[in-house]
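> So the protein sequences, as listed, match chains A and B.
Note that our numbering gives residue 110 to position 110 of the first sequence, counting from 1, and the numbers run on in steps of one.
Numbers in our numbering are just positions in the second sequence, counted from 1, shifted up by 1000.
Hints were generated in silico from the structure; no laboratory data involved.
Treat each hint with caution, since some may be false.
Under 7 Å between C-beta atoms, here's a sample of chain A residues computed to sit facing chain B [to be verified]:
| id | residue |
| --- | --- |
| 1 | 106 |
| 2 | 108 |
| 3 | 120 |
Covered stretches of chain B, going by a simulated chain A footprint (3 or more residues, C-beta under 8 Å) [said to hold, decoys possible]:
| id | segment |
| --- | --- |
| 4 | 1009-1018 |
| 5 | 1036-1045 |
| 6 | 1055-1067 |
| 7 | 1079-1093 |
Quick reminder that beta carbons are idealized off the backbone N, C-alpha and C, glycines included.
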Amino acid sequence: MKAENWQEGIVRPGSQKPHVSILGPQTKCPRPIVQEDLQFRKREATGWEDAFNPSRPGSHAAHIAYRTYMGVLMLRDSIDVDRERRHGIPVLKGTRFTASQVLAQIADGDSLQDLTDGLQLDHDILVNFLRGLSIILDHPHVP
Amino acid sequence: MNFVQFDEDVNASHLAQACISEGKVTPKRFPRHWCGSGIKDSQVISELIPRGNLILTSDLRFAEDWIEFVPDAHPGIAIIGLDEDDVRTATTHIIQSILAAFKADVPGWHLANWRNSIVIIRPRYIDIGHCESRKLVQDDFIDRQSADWIKRLSSKLDANSSRSTIC
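Same shape as in the complex, but just chain B (with noise of 0.2 Å):
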């Protein structure tokens, strides 16, 4: 993985300054021209899949509600949000946190393979799936208090990855 694609909910420069400087993946910020232009969830789904990058967003329901515009082979989808029952409201602060967290218990995430899979990521669980024929499969829900987490994240993106070669 060499870029992250923002959705418009995380398109913070501060989020963008801290991927450039682990210098892991380069981010890549909401298209400027869609600022403001009221496009829909499904014409970003649909525009931003063909680019090829990982889509990072804090919308919960991004994948799950737009289905049927998310091909079987497709970059990855990152989706970051609380847990469900923390009330706040993610901010690019919170996800940041979030991401921070995920990264010191997962160093090798960018290296890991997100193709194919959709992967909610709250601070105690992780929620991987994957798209098949335009319907949702959760491969897994995982408590990343148990001591095999990684193990069991890192597998099903592996297994996700390998489903389908076609984006």
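Just chain A, same shape as in the assembly (with noise of 0.2 Å):
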């Protein structure tokens, strides 16, 4: 089955229900990943157009974990968990500025050109940082 390949041992082969790890496999992408990329890797992931064919047993728990996947390289190259910078509380990438602040941030009104000309945060890993958070949770948590 070659849409396994891309997955790297996410999805069980002819499972329905993708096994997904947030801890994923430990790959590092060379730089912050973009819209660019996810468009990309969707073109080169060998047997993607199979995965997605609407006939295939587990295309849609493929596709969930294809994105689940790339959720969590956006979030791991957005944010740093590190025991001595705010005692392991996740912070963005390089900063002692807590995930969990941004958020807060913006949920008091604060904008990306808030967060970043006010506070001084990278607009890059701050993007990564949300779209990887909307991808990880853009996808049904019930069994």
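Hints in hand, dock the two standalone chains.
Here it is, written out as structure tokens:
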């Protein structure tokens, strides 16, 4: 089954339920992932069309697993967890600014520009964090 | 106190602007070259304390967890936080409102001697302590509803400032 390769073991062959680990495979992205990368990875993924063939059993699960995997990669490129920075609370990459505070700042009415200009946070890292989180949350979380 | 040094979590331009507008202290933003550098908490403490400015942070465990990096004599650490029954994540806007309420209650806050004190300011309580031989010692836990809380805070700040003069 070709579609297994690009998911690196995230989806079990023939399974309707994706077996997703939030840690995922230890793949390091060389730079922040942008929207174009997602499109590119779609095209280059072996068996992608096959995985999206609606007549193929498990294709929706494969789609969810792929998106989750990409979401995890985006989060991994935008979040650090380091015991010596904010006691291990997830922080934006390279900073001591917690990811939770980013969300809370937005809830308090801050825009991305407020965060980048006002708090001197990196725009690309912020965008990757928010996009990654949105991808992770964008599938049913019921069994 | 002439300057207040912002930690990264309170390093907001609107907080700095509010300080400048009040004209009581000059804010010092978190060093730009540290942003995104992955600097550790202990390095931040070790680098900021010798600069001699009161450190402002919202990291409740900033001093407690890295107390071995805090000398007995230091310029003071003010930690702004929410009450323990408030589940929100502290944002710079919330911190600004807590600070504004504190400043309204204690108009002479900028004249007080914060040296050697580690003060957690919450909407309802104030926790004041100091560092003694790399250990955090609590001096008082003050209910801001009590009638004499400003007097108690002032006396503890004075007592701590006279503990050690070498910084």
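> Against this structure, judge whether each hint is valid.
Cross-check of the supplied hints:
| no. | hint | verdict |
| --- | --- | --- |
| 1 | 106 | violated (9 Å) |
| 2 | 108 | holds (5 Å) |
| 3 | 120 | holds (5 Å) |
| 4 | 1009-1018 | holds (count 5) |
| 5 | 1036-1045 | holds (count 8) |
| 6 | 1055-1067 | holds (count 3) |
| 7 | 1079-1093 | holds (count 6) |
Hint compliance for this structure: hint 1 is the single one not met.
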